[in-house]
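**Student:** In order, the protein sequence lines correspond to chains A and B.
Position 434, counted from 1, in the first sequence is what my numbering calls 434; the numbers after and before it change by one each time, with no gaps.
Heads up: take any position in the second sequence, counting from 1, add 1000, and you land on my numbering.
Read the hints as simulated data drawn from the structure, not as lab findings.
Hints are supplied without guarantee of correctness; some may be wrong.
As the list claims (entries may be wrong) - As a list, the in silico DSBU-like pairs of lysine-lysine whose alpha-carbon atoms are at most 30 Å apart:
1) 406(A) <-> 1626(B)
2) 406(A) <-> 1422(B)
3) 396(A) <-> 1180(B)
4) 1180(B) <-> 1626(B)
5) 1601(B) <-> 1180(B)
6) 1422(B) <-> 396(A)
7) 317(A) <-> 412(A)
8) 1422(B) <-> 1583(B)
9) 1626(B) <-> 1185(B)
10) 406(A) <-> 317(A)
11) 1601(B) <-> 1626(B)
12) 1185(B) <-> 412(A)
13) 396(A) <-> 1185(B)
14) 317(A) <-> 396(A)
15) 1601(B) <-> 412(A)
16) 396(A) <-> 27(A)
17) 488(A) <-> 1422(B)
18) 412(A) <-> 396(A)
19) 396(A) <-> 406(A)
20) 1601(B) <-> 1185(B)
21) 1601(B) <-> 488(A)
22) 1185(B) <-> 406(A)
Said to hold, decoys possible - Partial chain A-side listing against chain B, Cβ under 8 Å, derived:
23) 239
24) 431
25) 433
26) 449
27) 452
28) 462
29) 464
30) 468
31) 476
From the three backbone atoms N, C-alpha and C, an ideal C-beta is built for every residue, glycine too.
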Amino acid sequence: MTYVLTVLILIPFVGFLATWILGRTQKIAKWVALVFSLAQLALLSLILMTFWGVSSPVAESVLGPAQNALPFASWTGGYQFHYFERAGWVPQVGMNYILGFDGLSAPLAWLTPLLTTLAIIFHWDEEHRPREFFALLLFLEMSLTGVFAALDFFLFFIFWELVLIPMFFLIGIWGGPNRRYAALKFLIYTHVASMIMLLSIFALYYTSSAGVNAAVTGVATAGPTFDMTVFLEAARRHMLGTLGGLYIPLATQVPIMLGFLFGFIVKLPSFPFHTWLPDAHVEAPTGGSVLLAGVLLKMGGYGIFRVLLGMFPDAMKELWWVLAALGIISMVYAAFVCLHQTDLKRLIAYSSVGHMGFVTLGAATLTTIGVEGGIFQMFNHGLITAVLFMLAGSVKHATGTREIPKLQGLTKVMPQFSLVLMIGFFASLGLPGLNSFWSEFMVFLGTFSSPAFAGWRVLVIIPLVSIVVTAAYYVYTMQRTLFGDVPKDLEHAHDLMPWETFSYAVLVILIFAVGFLPFAVVGPIGQYVATLPGLTRVV
Amino acid sequence: MSAASLLLLPGYTFVWVILIAPLIAFLLSALVGRRTVEGGAPIAIGGISISLLLSLYLFIQVMLGGGLGGNFNPVFLDGYVWLPGFPAGSGFNNIVIELYIDDLSALMLVLVSFLCFLIFVYSIGYMHHEEGKPRYYAEVSLFSAGMLGTVSASNFLQLLVFWEIMGLCSYLLIGFWYHKPEAAKAAKKAFMVTRVGDVLFLVGVLIIWNQFGTLNFYGDATHLGIASQVGKLSPELLNLIPLLLFGGAVGKSAQFPLHAWLPDAMEGPTTVSALIHAATMVKAGVYLTARAFIFLVPMPYQGLAVTPPWTAILVIAGIGGFTTLFAATMAVVNFDIKRVLAFSTISQLAYMFLGLGVGAFVMATELSSGTAYANLDSAGYSAAIYHLYNHAFFKALLFLTAGSVIHAVGTNDMRQMGGLRKHMPITSITMLFGCLALAGIVPFSGFFSKGEILSVAFEAGTINSVYMVFWLLGTVTAFLTAFYAFRLWLMTFHGEYRGQGHPHESPRSMTFPLIILGAFTLVSGLSAYAMGGFGNFIFVTGTHAEYALPLIGVPLSDYGLEAISLGAALAGLALAWLVYETKRIPAERFTRSPTGAFLHKMLTHRYWIDDVYDAFGARVYVGFAKAMDWFDRRVVDGIVNAVGRGGLAAAAGSDYFDRHVVDGAVNLVSKEAIRSGMRLRQRQTGQVQSYAWVVVFGIVVLVALIFGIGLYLRLWGG
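Throw the hints in and build the complete structure from the sequences for me.
**Tutor:** Here it is as structure tokens:
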């Protein structure tokens, strides 16, 4: 038994406290934060490597042997977690402390310290309340890691809500001129969504959990539970026909699933619940935006893949079209809205809405490849959008504006910046060979091959429109900002700072690496998807 | 086993190096290019030289192993799995990167690496005075890797990936002079227009994967291939798939209606126009359509003949036939030397599509009349590839000579040239060779391949009279081609010099490639003729129908048809001579009548198609985006804010109710509470971070409480 997952929650938490307590000067604060975040990144990288079957003496001694644990010793197969911890919390009411990493959570959890570390580095010259700033980044890191690791609904919900606090303050204190409005909108909007999700959690707990728990554990008096693994396993056996009793009836699944869905698509966000996002991003500081778009949005996607697909297979079979419609509309709609933005950061924010549409659509396909593509898209989007938001920060830093009409000829004065911008834009528009091409391609393959879509296959054409429009707004933006002569007031714009260059270099290398070797990420994801119930292996 | 086959190496692994060498050159030029002479030129040339030598070696291997009358069994070179998750027995292949070497790809590898090599050498002189040379050499190296990868891909997806790498390089190189607004606009246009085609291509790939579970053109013992199972498609899909692939080709090869980007792409350096927009990248569409022959001429399936996709064949031949003439007419009125050549490229590419279309038609007809698959007459296919091969040489030559002229006189406008024959003898002679080849005058290369295409078109016309229209279009175009080719040459090199400055012959690094290419305008035609047709020269007459189409070259036998196309070309040449040399017929005569003036205006405005596209982009596209943006800010977000205000109003109402009704009752008993409230108020400092502390503290307390309860229950509870 190892406690590596608990350690993963504790490192950033201790880092948060240490930064706050020790960070008397900016220098101390950022170094302390960086050290803790790097430690977290190193540990998670070791964990991610175990998914590739890479095991080294170092990893063994730090992590203990990879467990491939089943949540309950009595189970003979089914959901396996590479790392798994369980402890009673309030077992009388079925509330437990359960953490686990599998192919779904590990890649997303790995993004968290990566982007936190890079955000810290990117803000190396942050002078406005640095102690609080870096401390809050670590607090955010802790809560996000918790969301991806938690396998008990109550614990999950606590972490889910904890995420709001640091982000609220990051926007509210370090944000732009309209930060109060944006921060409040973000907090209230996503909090309302969380409340509805909480209702679903309770509904699940009171209506079904006792029966499901009894069926799965084989103990008639097992009682109600918040244990997510119980639901996952029950749904899996239900789809295989090996569950000893009835699973949650469809009539119960549907309303509960819709409650969860609302919670998730607000976070994702999906049309029409996306308007908190552009405001939050435009006002947020760069590091906040990077984590907001890079990891925080993925909570919604994570929920869709973990909870909706994992626990409500029957409801998903009925309501896949809701997700499909939301995904498709988000993709096309956001692409057109992007075309008309003049604020670079707002443009990138809307592009996130579009790219998250692929996630929803991928889940809606109910096919292995589509779901893998959706999860992979989250990972890729995390890398790319981090670059893009950093770019918006760099250009503001260097020229004092993010307004596209005021920028021109940046290739001349900011060549490094321009190179990164091109790479980021082309990666984001899905240029074949770069990472997000693969995930988008997989989602399209899934959509096209999905039996659910059988009669609707023609609809694939609609999201394909978004590919053209996406290319249009990026290429149009490049034409306006990078090309042309340099206007007078931009002549003295400085190029990237060394710490900025470092952050970009890491991300760009990863974008290329994942583009050339997509299997490295698709492999672990596939391990998770293979255990999901009710998916069609069309391809 | 012949003695020659001893030369065959056991493996073909070295083929990977053909791709990797320019890729390494790309990285090196980008990283250390500025430290070398000429900003990375030696690196780029070194990289492509390796590719060229290995490609030649491979080509010889392929010839010995099967070219010239034998059978070369295509080779798969496995790379690695891109996307895993399709286990054996699932009916689907993993998505992999792997190379496929057959006679077509071996030929294309040599062609591409040879032209890249020559043009890189030429660039030393041409780009000598430019800034940003490392960027240039890095991008052209990446481009060559992309093109080499495109023609050696084993499957449609890999082809698409490398295809897009080329598209990216094309975008970057068109915008090489990024400070010029026209260049920026042209780059954007090129990327967007080809992107439309790419999406069609992508849909085609999706359908193929969905239907076959593999994307490989051909299969073997260990690879699942498409070719042998095409027959299981429904007739609609059998038509749709090649059309979608052709859609990609239309974008990349700038055929009507996606042709508009190519003339504008001339904003890039002339070397780029020669390499990417004449000799190589735009040919990728032709190559793709040639690969799509597995759908156009489907193999028998389970012993039964499959109905060929007539509609798709007709569309391909039709677009080709129409675009030949359409583009040639626009070339006639243009004064920009590079744009004339760009329109000419569109027109010549259309000949290739015409050849593929009519060739497929003839083969499909034979197939449905019961001819065995291995005995099909693939003359159209061979002729189109032959024209691709010839055109690559003579059009690269034309662009490079144009570049040499532009280098000397500093303008693209032919009205400011003239009389350059005396100043630039080598350029003048080599360009004359290029023009003769383009016009199709015997014995230059264009004559042979264009003649073959037209004779196959005529043959198709005798089967179905619709195709006779395409033959007619092609023949009229032959006339116009000769006319604009010599209009260009005469305006540039004959008469009096009309510009300023002192033109001079270009340096040797530039004239050397010109001479080589000039020689090829003769060699590439005559050598094939001696071999009894290009097909026999390159491809085999054999029966490996398992792997590839049987490719048979036809020697030129139909002298009547050859005479007609040659006659058309000579007439065009004569007209150009009369108008631009002797001035017997002044050019103004054509525009004097109202109809003539209108025609002239229509042609100079490129049939207003670009204007329509621009207007569509600016009005419809952007207008729709504007409407969406308004909708988002006002309606979607408006509702959100309204809900927010509603919440505040409800809160205010509750507050009123609470203060005046509920609290009125409570007030009586809450004096103590108020007092403690006063104390708490002092803690409300109004600073955000102290709120943060309170929230954090609250959560810590909450968690501690829950832990505490848990512990309590565990220790003392039930």
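**Student:** Each hint: holds or not?
**Tutor:** Cross-check of the supplied hints:
no. : hint                : result
1   : 406(A) <-> 1626(B)  : 19 Å, holds
2   : 406(A) <-> 1422(B)  : 50 Å, violated
3   : 396(A) <-> 1180(B)  : 25 Å, holds
4   : 1180(B) <-> 1626(B) : 28 Å, holds
5   : 1601(B) <-> 1180(B) : 27 Å, holds
6   : 1422(B) <-> 396(A)  : 57 Å, violated
7   : 317(A) <-> 412(A)   : 54 Å, violated
8   : 1422(B) <-> 1583(B) : 20 Å, holds
9   : 1626(B) <-> 1185(B) : 21 Å, holds
10  : 406(A) <-> 317(A)   : 49 Å, violated
11  : 1601(B) <-> 1626(B) : 34 Å, violated
12  : 1185(B) <-> 412(A)  : 17 Å, holds
13  : 396(A) <-> 1185(B)  : 25 Å, holds
14  : 317(A) <-> 396(A)   : 46 Å, violated
15  : 1601(B) <-> 412(A)  : 39 Å, violated
16  : 396(A) <-> 27(A)    : 23 Å, holds
17  : 488(A) <-> 1422(B)  : 46 Å, violated
18  : 412(A) <-> 396(A)   : 17 Å, holds
19  : 396(A) <-> 406(A)   : 11 Å, holds
20  : 1601(B) <-> 1185(B) : 23 Å, holds
21  : 1601(B) <-> 488(A)  : 40 Å, violated
22  : 1185(B) <-> 406(A)  : 18 Å, holds
23  : 239                 : 19 Å, violated
24  : 431                 : 6 Å, holds
25  : 433                 : 5 Å, holds
26  : 449                 : 5 Å, holds
27  : 452                 : 14 Å, violated
28  : 462                 : 12 Å, violated
29  : 464                 : 5 Å, holds
30  : 468                 : 6 Å, holds
31  : 476                 : 7 Å, holds
Figure legend: structure checked against the earlier numbered hints; hints not met, in rising order: 2, 6, 7, 10, 11, 14, 15, 17, 21, 23, 27, 28.
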